[in-house]
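**Student:** Here's the letter readout for the chains.
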Amino acid sequence: MGWFQRLSEGLKNTRKKITGELNVLFEIGPKVGDEFWEDLESTLIMADIGAGATDQIVTRLRERSQREELTGVKEVEDALVDLMADAFAPNDNDPFEKNPSCVLFVGVNGAGKTTTVGKLASEAKSLGRKPIIGSADTFRAAAIEQLEVWGERANVEVIKRERGSDPASVCYDTLDAAEKLGSDLVLIDTAGRLHTSTDLMRELGKVVAVTRKRAQMPVHVVLVLDATTGQNGLNQAREFKDALGVDGVIITKLDGTAKGGIALAVSHDLNLPIFRVGVGETIDDLKKFEAHEFSRALIKGEEE
Amino acid sequence: MPVFESLSSRLQDTFDNLRGKGRLSEEDINVAMREVRMALLEADVNFKVVKTFVAACKERCMSAEVLESLTPAQNVVRVVLDELTTLLGSSESRLVLSNRIPNIIMLVGLQGSGKTTAAAKLAYLLKTQGRTPLLAACDVYRPAAADQLETLGGEIGVKVYRGDGKKPVEIAKEAVREAIDNLRDVVIIDTAGRLQIDEVMMQEAVDIKNAVKPDQILMVVDSMTGQDIVNVVQTFAERVDFDGVIMTKLDGDSRGGGALSVRSVTGKPIKFISTGEKPAAFEVFHPDRMARRILGMGDMVSIIEKAQAEVDEEQALAAERMLNQGMTFDDFLAQMKSIKKLGGVAGLLSALPGGDKIMKQAGGQLDDSIMTKTEAIIMSMTKEERQKPKVINGSRRARIARGAGVDVFEVNNLMKQFDQMNKMMGKMRSAMSDGNGKKKGRKSQRAAMRSMMGGMGGLQDMGDLQQMMREMMK
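Residue numbers (the working numbering), protein chains in the order written: chain L, 42 to 345; chain H, 233 to 706.
Source of the hints: derived by calculation from the structure; they are not laboratory data.
Per the computed footprint, the stretches of chain L lying under chain H, defined by three or more beta-carbons under 8 Å from a beta-carbon of chain H, are: (1) 81 to 87; (2) 262 to 270.
Every beta carbon over 12 Å from chain L, so not counted as near; a handful from chain H, in silico: (3) G389; (4) D475; (5) A630; (6) M647.
Keep in mind it's a predicted model, so treat the numbers as computed, not measured. The beta carbon of each residue, even a glycine, is placed where N, CA and C say it ideally should be.
Just chain H, same shape as in the assembly (with noise of 0.2 Å):
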């Protein structure tokens, strides 16, 4: 049992303690209150933060309305949320960029803390939205920052301006120029990684800022930073000055603590989450969502996205047919596909309300090594086997288990489960009928499958989900 559970299970915990009481005495808040500055404490949100914030927490608690509601645990959790959520900032903070051409946007911050990845991504998106910009490599320290630079730029098509042998300042200068000379309406200035104590090398930061007039800088801020989060950030501020933050590496399982920390320390919004390896994994910070996360309450509306994003018409189409004739092993594999895509079991858990509770209790045993067995299994499977099961004998199961390096008794488990899952299908069938056992229109019926292909509609409660996880298991 680790010592430091996540923010989302502490509080959760807490919160089912609490949610068994009508009505609360100071001594429940208090005790909540507790467990609220630990959990903030062990997700790396600084402590004077921690202190403020539950004293804000505790001062809303107290009053008549929470106190003495029919409901006071969830108006408790309604009340942190709130407060987290003012904290994070009430509203989304998207990039604007101003009218002068080229806009130039520098990235500053410490070393290692994603900074070129981060350059590369915006160039990214910006591309997306119909900009032409420039990278520029300003990071002249880094043994081969500049070819790291160049090769990103070059997976994503952007062009990348290094001026080798060069002091930084004159590279932003001549990146600005060659943009202003090929018509590129965006200059993002990647900078070297520096300690905010290092006096040289801020002062080089302040020079580049004062040479090339930066109509935004961004701090790129590593989401598994600690306490120390608030020194760097201020000392930034004071010298540099930036105007939005990037928080990076939020893929891992790092609570994202120090967003709470730099939002109310400095004041500055963050602007974009950085969430994986590809040029895409970049998104807008939404400190609701955010909020939320922490607060192990789900980040449901993200998961959604993805879903109707992954989820086109061909699949429903699928699902349609499915529904009718019965789901084939291709299906089946195609399923798998989409739930990996998804971010796996794992991801896909992890970002549900209590999902953090049922990974726990599956003593983490929820990773995808289940889906790659069964995966290998279909493999080797011939087509006609795929599509239609029946003809699948003793001697083939046998067959299928030798191609798969499984056991045969793997084999026969998919077969049941698969089975199962037909069989549910054909309940799913009559469920969508009317009472007058006539079948629902197409549009209607289409628009049901596709929200159960997204691996959310289908599922009422966590109760079917924990269901079909242990269905998966055996």
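The shape of chain L in the complex, shown without the other chains (with noise of 0.2 Å):
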């Protein structure tokens, strides 16, 4: 299966439903009215779009079927996937494509930090890759176990200090070990923290500090975000960017029937570029991303 299946595979339901709505919608006519368009709105809302990207993509769209006079369903249909592919950061720095690449990955409790360290980890090593991971979340019970698992089954390396310890030192030590093994890439997890939480937010700038000064290599921070975040996804994505210096996000658990579009809100609005997303649960489900596809298959059903 290729991943643009994958993909739209995960986002059956939610294109299901959208094209279903937009359908409904397209099929007024040439002749839209307010309600045409305010119902659009609503549909890109639901989808978690959000106001403000929802708004300058409706605005823009109504402009250019004026414009152009679009009549058709799938003019109009195509226009849409252009503007929600032009609203996307563009990403032309995949910290995952170079070599040699330290990554740190943060975000909130439950984003799947963990699990997409795992999976890139396993990745990278299939690719003939030397990485090792480093287990700088030190705070939640289990989290270096569960690493190591992951560890385990991928055979890459997990640096890691017990429980409790300073994640810093832990970033310290994995660098070390990078070096002496002559690790090409460095996938460093970190302990998920609320970005509200101006404490554990400024424990995270000294290990990302640290990490910076320590590196030979560039180092990345990478914020993983859960698809089934709302509005506040932005709240994060700001309050990281601004504490770090966050050079793009992950998106995780689109196999759900989440629609995903705080991806577009985060990326529209914060000038931040989609590494990849997550579309199903085993290890190659961790997909480029790339936003032209991404916004077909949220909005239509087949591929071209």
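Take each chain as given, in its own frame, and dock them per the hints.
**Tutor:** Next up, the structure:
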């Protein structure tokens, strides 16, 4: 199965719903009134795209359909897909394609950081790279054990200290070990924390600073965001970005019925590229993000 | 300027505009309702729920009672608040255990919603109520999930049953048997996170349910969930069915719009809210408080309760001494610590009516870093200096500044601020004396001081607080 099918599969319910609603909307015909646009707006809001991005998309689509005299359902759909895809920040700085590269994973509790680190380590290993995992979530019970299981599965070294120790020193250790072992991809898991917790955000700031200072390779900070997150995802991304200088986002759990529209809002409003999307449970379900295909899969049913 | 303002500030702005009006027209109500609609949407209340809610509000607002009253804007606020409270469930919904021993509580939810943490918190709560709970680790999929539960159980002193290598249904059954054998009266079953569209996993939850017949099933819901929450809870309600909801991660800044959606779509009550990392950060859900908080009317009751719990008799005595003999830097330090306990300056402010606004005005600079700095300065003083600030001369100030890693002027500022506070204390002392210059009774004096120490009583209105904040920012 190609990634598009998987993504499409993952978004099936979303798509069914949106397409269904759009079809109803688009069948109204070329002379659409205010009601049409209001309904379209609502449909996009229901996908968690958010009021700001929705507003912009609808306004532009409206202008464009008038200017270009788009009348057919397909034409307007295509224009909508284009507009949505354009709203994403361009991804020209993928930290997982750089060699060597060090990536810190941050995010709120339960976003899927540990699982993402595990999956990416496995993927890198299978591609012949030399990944190493740093277990800097020294707070959550059994987070270290969870990563160790992933490490064993993928045959990747996991650098750890006992629970409760300073996460920054785990990063230090990890970079030490990476240099000794000649690792070219350093993946560091951090403890989940709410962006509103000043103390924990400051602690994370230190973790990032220590890592940047110690590393001989480029360091990236990646925010892991649960696709079911609503508009609070924007607050999360903003706070993490301000505090740490986040480079981009990974969206997890897109295999449910969640629309994942928050990805668009976050990418658009904060100019953050989406590096990966998680569309399933297995290791190779963590896919490279393609804005156009994502938008198309969200709006339309089938691949062209 | 963020595109998405919080629900409370949005509504506040709307009603600030309405407040200027004497009599409202239908058009005014429409404008307000449009704002309410947008704000609720941005708070992640489900679109359909918003529609119904706004329609109900509008209908009530259009009544003559609201339109023609002398204070229509306040009436609109009251209507919105009423409707919100009703929607959230008009009364508290506590956890009621049946007579069956052991009582079985099963937790279900999506991945990452916080089930395992909630399980431990629930166990801790039951333990403090004199029960002897047993935790059952039925998440056999996520690596080390059982380890996590076992560690959490160890921290709160609750036994965890783990049947490594067995199927979840078996583990659940064995845990119940274990509870019977060891006289444990509640079994809390932690299950794996599952997507509501994952047939196999949903069936597993049903199988566990059928095998152990839980007295109640609680669904754990992340308060930051977006529009999809409706699909999730609906499917869980249909397939597994549940009796109540635990909302998690409410210590963040999500407005908890999902609470509205869950309640109105499934009719299931929200029983608990989880608000932090510690085992005790688990509270009974109060619909009225939640509604007020969503509307930006401040969650005063919670703050006062918290303050009362934190301020003890000893501190009240200290306050009395301060009043009579002046404040020392040690007292100052203790004061700051109690503010920190209440969630820091930002935490306190955000729970106050209009607090969000003040924070915005301050440019989001109201973090606790200033308190940390002050703490460092005081910690760099000797015991004598803290008790008798008068001895702090120029060279001592320079030494303190070096010790705290700050500039001398920052020490000077603190000294100045400290002097002002002591002067305020003096004013308070005279205010507490009656007209004849006699001191009031110790008892009433102490009560007054206690309320002041709680951080609330001394602040008559927002102006005072703003003034205090400004002092602190200097």
